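A.B. asks: Listed here are the chains, written in short residue letters.
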Amino acid sequence: DAKTTQPPSMDCAEGRAANLPCNHSTISGNEYVYWYRQIHSQGPQYIIHGLKNNETNEMASLIITEDRKSSTLILPHATLRDTAVYYCIAVAYSGGGADGLTFGKGTHLIIQP
Amino acid sequence: KAGVTQTPRYLIKTRGQQVTLSCSPISGHRSVSWYQQTPGQGLQFLFEYFSETQRNKGNFPGRFSGRQFSNSRSEMNVSTLELGDSALYLCASSPGLAGGPGGELFFGEGSRLTVL
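Top line first, the protein sequences correspond to chains A and B. Those letters in the first sequence? Residues 4 to 116, per my numbering, in order. Those letters in the second sequence? Residues 171 to 286, per my numbering, in order.
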């Protein structure tokens, strides 16, 4: 799996868009980009994933650069409940499955009131 | 739809004992993965089961084992417990094989194991 690099921490004002960057410069063609978050003392929560195209769901948007070397997770209107550690993961997947996800340290996003 | 259920939520064991943790996946999900989370090492992959077969295994000693039943429920076992096994053990289920299309993981709240 490609290594991902994320800033260790970020602040964002409540109500503003939170943009969390992730670098995955060694990503290969069969690797998906997944985002999860973990709120203190809870299990991680799936947010979104993509391969090449930008994706949007009810929680967030995922913007993947054309060369796929980086991506940005966007929380359009951050609330205090979005304070969490956000993990960006690149997962190599073949028809037979994937290796276990490597979560890394993630970005601790703190939403300020 | 009910989420992933893990039991027990908390348990305390002593060195040398063994422990069995249980995981009930979301209905219809066939893949179950297990992770260990510690403050020092973060989230580390243990193994993934799909249709009762172990598909992948992380870099853990043979003391860590698991299995999956025909109803997709899974158990993991740790034998000869060591102090370093104290951790939060997380189970995650997914509709398809983890990591691919339809492979997003849905985690339970975890079983917190303390080894004394």
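Incorrect hints may appear among the rest.
Calculated Cβ distances over 12 angstroms to all of chain A for the following chain B residues [claimed, not checked]: (1) Gln176; (2) Gly212; (3) Gly254.
Covered stretches of chain B (chain A as the covering partner; in silico rule of three or more C-beta atoms under 8 angstroms from a C-beta of chain A) [what the hints assert, rightly or not]: (4) 181-192; (5) 275-282.
Keep in mind that the hints were calculated from the coordinates and are not lab data. All of these numbers come straight from a predicted model, not from anything done at the bench. Ideal Cβ placement from N, Cα and C applies to all residues, glycine included.
A.B. asks: Look at each hint and say if it fits the structure.
C.D. replies: To see whether the hints hold, each was checked on the structure:
Here glutamine 176(B) does not stay apart from chain A, with its beta-carbon only about 8 angstroms from theirs, under the 12 angstroms limit. At roughly 6 angstroms, the least C-beta separation between glycine 212(B) and chain A is not larger than 12 angstroms, which violates its mark as non-interface. With a minimum CB-CB distance of about 19 angstroms to chain A, glycine 254(B) clears the 12 angstroms threshold, and the non-interface call stands. With 0 residues having a beta carbon nearer than 8 angstroms to a beta carbon of chain A, the segment 181-192 of chain B misses the requirement of three or more and the stated coverage is violated.
Coverage of a stretch by a chain is defined here by at least three residues with a beta carbon nearer than 8 angstroms to that chain's beta carbons; for the segment 275-282 of chain B and chain A the count is 6, and the condition holds.
Going down the numbered hints, you'll see the structure goes against 1, 2 and 4, while the others check out.
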